[in-house]
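K.L.:
Construct all of the structure, not just a fragment, from the sequences and the given hints.
Protein chains in written order, with the numbering used here: chain G, 1 to 345; chain X, 346 to 690.
Just so you know, these hints were derived from the structure itself, not from any lab. Among these hints, one or two may not hold up.
Unchecked claim - In the DSSO-like style, the derived pairs of lysine-lysine whose C-alpha atoms are separated by at most 30 Å in a straight line are:
| hint | chain 1 | residue 1 | chain 2 | residue 2 |
| --- | --- | --- | --- | --- |
| 1 | X | K580 | G | K130 |
| 2 | G | K298 | X | K376 |
| 3 | G | K283 | X | K375 |
| 4 | G | K235 | X | K478 |
| 5 | X | K478 | G | K106 |
| 6 | X | K580 | G | K133 |
| 7 | X | K528 | X | K688 |
| 8 | X | K429 | G | K235 |
| 9 | X | K375 | X | K418 |
Unchecked claim - Sample of chain G residues lacking proximity to chain X, with all beta carbon distances greater than 10 Å (derived):
| hint | residue |
| --- | --- |
| 10 | T50 |
| 11 | E52 |
| 12 | E154 |
| 13 | N180 |
| 14 | A300 |
Unchecked claim - For the chain G half of the interface with chain X, some residues (derived, Cβ under 7 Å), not all of them:
| hint | residue |
| --- | --- |
| 15 | A123 |
| 16 | G155 |
| 17 | I245 |
| 18 | E265 |
| 19 | I268 |
For each residue, glycine too, the CB sits at the ideal point set by N, CA and C.
2 protein chains.
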Amino acid sequence: MKFKYSNAILLFIIILGCSSPPPKEVTSKKKPVGIVIHGGAGTILRENMTTEIEDAYRKALANAIKIGYDILKNGGSGQEAVEKTINAMEDSALFNAGKGAVLTAKETIELDASFMDGATLDAGAISGVKTIKNPISAAIKVMSNSPHVMLSGEGADQFASEQGLEIVDQKYFFTDRRINSLKRVKEAEQNDKIISSLDEAFLRNNRFGTVGCVVLDSEGNLAAGTSTGGMTNKKWNRIGDAPIIGAGTYANNNTCAISATGWGEFFIRSVVAHDISALMEYKGLSIQEASRIVIHEKVATLGGDGGIVGIDNQGNVAMEMNTPGMYRAHIDNDGNLMVKIYKDE
Amino acid sequence: MKFKYSNAILLFIIILGCSSPPPKEVTSKKKPVGIVIHGGAGTILRENMTTEIEDAYRKALANAIKIGYDILKNGGSGQEAVEKTINAMEDSALFNAGKGAVLTAKETIELDASFMDGATLDAGAISGVKTIKNPISAAIKVMSNSPHVMLSGEGADQFASEQGLEIVDQKYFFTDRRINSLKRVKEAEQNDKIISSLDEAFLRNNRFGTVGCVVLDSEGNLAAGTSTGGMTNKKWNRIGDAPIIGAGTYANNNTCAISATGWGEFFIRSVVAHDISALMEYKGLSIQEASRIVIHEKVATLGGDGGIVGIDNQGNVAMEMNTPGMYRAHIDNDGNLMVKIYKDE
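P.N.:
Here it is as structure tokens:
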């Protein structure tokens with residue numbers, strides 16, 4: 001057996017590696033991660049809330065965002081962090097996505113979702129699905145395992161089933177709260193009654209809603225996802241902004257990752273998510289300034305309301321809304337958690 | 346009967362009006378109009394064409410664009426010009442829109458269309474409809490007569506029917522040419538055979554296709570519309586870029602009106618139509634330069650192909666493609682008609 005210097009050197013390196021952990025400088029050179037989520041924007045007012053409901057939302061937001069943060073901190077991909085975080089919100093009956101989604105005029109569920117990868121500009125979306133437990137996972141499968149970006153209706157349900165995703169009966173999604181909301185919206189519509197501002201607030205609050213997640217992962221990649229049941233009492237297989245790449249969801253490593261929530265029609269017409277990215281890329285604006293212009297000047301001027309969460313490629317975040325509230329949470333690179341509901345918090 | 350001076354003055358004005366036509370200066374002060382259309386981009390090669398087919402396309406393009414130009418010259422709205430021009434192309438079996446649309450994997454027709462008004466940023470879209478003779482008219486009805494921007498599937502068909510639009514049997518849309526195309530695409534897919542470059546060209550040429558129209562009307566307003574049968578052999582209720590506001594269609598009086606055609610998945614991911622507008626608005630680029638960057642740098646880098654037609658608020662036009670051809674036509678304010686098929690014309 002020959003003695004090899006190379007072996008000795010290797011052994012020395014291994015011992016050195018075990019005995020001395022990587023210096024602090026190396027750790028701090030790791031790229032920062034960040035995650036922001038929303039659970040819908042709307043006329044969310046303190047006077048309509050109870051402490052119990054507020055607590056339930058804050059806990060649900062904190063639980064969901066921690067799932068994504070842990071994935072990112074362990075070096076997981078942005079895609080996985082977005083998917084698992086949104087899955088948690090889809091599985092919660094509190095949010096208008098997955099279980100607890102709003103009902104259509106025909107008293108059915110039609111779910112929309114989309115995902116975009118900022119590194120490759122790959123994207124996937126589904127709209128009007130009725131049986132997929134976790135729509136964001138189906139959107140990601142469309143991106144990864146089909147030649148298409150957007151599938152809809154029965155075809156999208158069938159694709160998800162072929163892909164082995166969990167399929168559930170429509171009843172799974174139903175909650176008493178959403179059945180009551182539909183009833184109230186239909187009553188107001190049928191009677192064409194002048195509803196009080198409180199009723200109006202309740203209806204608006206309950207008509208819209210979305211969940212979304214944007215992340216910066218440890219590789220420096222951005223990703224964005226959005227999932228929703230759409231608008232209460234929607235008709236004619238209406239599609240909102242959530243599954244529209246550029247409107248409800250957009251991610252581009254050159255700029256930012258954005259997920260929107262609000263009155264979808266106005267967000268489509270304003271191409272909200274891409275417009276924020278374009279203002280950053282072409283005018284050099286910060287994510288906060290770009291988001292402010294799009295939400296408060298562009299969308300608001302058209303008469304629309306809602307909000308966005310965003311993160312840029314440096315980890316700067318935006319949580320912008322022109323509504324009284326938006327369920328939202330953020331965890332920065334150091335693990336600091338922020339959960340907010342009202343605009344003025 | 347009293348004599349009235351006012352009557353005499355009125356009579357004098359009428360006589361004057363009849364005898365002297367408005368002076369030339371007033372006419373020339375009218376804002377310029379312009380119209381550009383496309384009938385799809387793809388691997389359109391001279392060697393695959395006959396003189397008869399070429400002539401048929403050139404005539405169909407000329408006929409369609411003249412309809413819109415006449416409307417604009419007579420002071421009609423951009424919306425009407427876009428609708429009637431696209432209706433003509435939808436009614437022609439030559440183009441992949443309305444009659445002559447491509448077939449899905451299930452041997453059905455699923456049509457998509459969208460329209461946007463550059464003055465108001467109002468928009469309407471439909472996707473996956475099966476019975477609406479003129480999808481662009483349905484997209485406009487969604488904009489005008491529903492609270493929504495985008496409807497899909499059976500719901501969109503039902504809405505169009507409720508609106509009194511012409512409903513036809515699926516058979517109306519079928520043509521032998523598209524039945525053969527589907528057969529060939531399916532054969533190639535099933536056999537996974539190495540197809541010759543000529544076959545490849547044929548298949549690609551026949552898989553994609555769209556019609557679109559962009560106009561500047563005499564009020565200075567921009568409008569854009571796109572209509573398509575999508576992609577031959579499409580599955581799972583796939584939605585392409587044509588009905589996506591921001592991707593296949595966008596209009597904004599501040600910048601331009603754009604209609605896209607090509608490999609829809611890449612056009613969605615690149616948010617093509619809005620990106621051209623954003624490059625103009627935020628970087629001050631011309632419509633030609635903005636279109637060149639988006640088609641040749643952005644879409645091409647992702648691996649996508651296709652083209653756009655566009656017109657800006659001064660009447661400047663762009664017809665940009667990274668394919669060997671795009672069926673296209675333009676009429677300027679003076680009535681000069683240009684019809685082209687190949688890129689190098």
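K.L.:
Run every hint past the structure and note whether it holds.
P.N.:
Going down the list of hints, with the structure as the test:
Among the hinted pairs, X/K580 with G/K130 is consistent with the structure: their alpha-carbon atoms are about 18 Å apart, no more than 30 Å. For the hint linking G/K298 to X/K376, the alpha-carbon distance of about 27 Å falls within 30 Å, and the restraint holds. Between G/K283 and X/K375 the alpha-carbon distance is near 34 Å, which puts this suggested pair outside the 30 Å criterion. For the proposed pair G/K235 and X/K478, the alpha carbon gap of about 21 Å is at most 30 Å, so the pair holds.
This hinted pair checks out: X/K478 and G/K106 have alpha carbons roughly 26 Å apart, not beyond 30 Å. Using a Cα cut-off of 30 Å, the hinted pair X/K580 and G/K133 holds, with the two alpha carbons roughly 21 Å apart. Proximity of X/K528 to X/K688 is assessed by CA-CA distance (about 29 Å); at most 30 Å being required, the pair is judged to hold. For the hint pairing X/K429 with G/K235, the CA-to-CA distance comes to about 27 Å; that is within 30 Å, so the pair holds.
With a C-alpha separation of about 10 Å, the suggested pair X/K375 and X/K418 falls inside the 30 Å cut-off, and the hint holds. Remark: the non-interface label on G/T50 is consistent with the geometry, its nearest Cβ contact in chain X lying 31 Å away (cut-off 10 Å). Once the 10 Å rule is applied to beta carbons, G/E52 is consistent with being away from chain X; the minimum gap is 34 Å. A beta-carbon of chain X comes within 10 Å of the beta-carbon of G/E154; the shortest separation is about 7 Å.
The Cβ of G/N180 lies farther than 10 Å from every Cβ of chain X, with a closest approach of about 22 Å, so its non-interface assignment holds. With a cut of 10 Å on Cβ distances, G/A300 stays outside the contact zone with chain X, its closest approach being about 13 Å. A hinted interface residue such as G/A123 counts as satisfied when its beta carbon comes closer than 7 Å to some beta carbon of chain X; here the least separation is about 5 Å, so the hint holds. Interface hint status for G/G155: upheld, as the beta-carbon distance to the closest one in chain X is roughly 3 Å, under 7 Å.
Interface hint at G/I245: satisfied, since its Cβ lies 5 Å from the closest Cβ of chain X, which is below the 7 Å cut-off. With a cut of 7 Å, the hint placing G/E265 at the interface with chain X holds, because the nearest CB-to-CB distance is about 5 Å. Given the 7 Å rule on beta carbons, the hint for G/I268 holds: about 5 Å separates it from the nearest Cβ of chain X.
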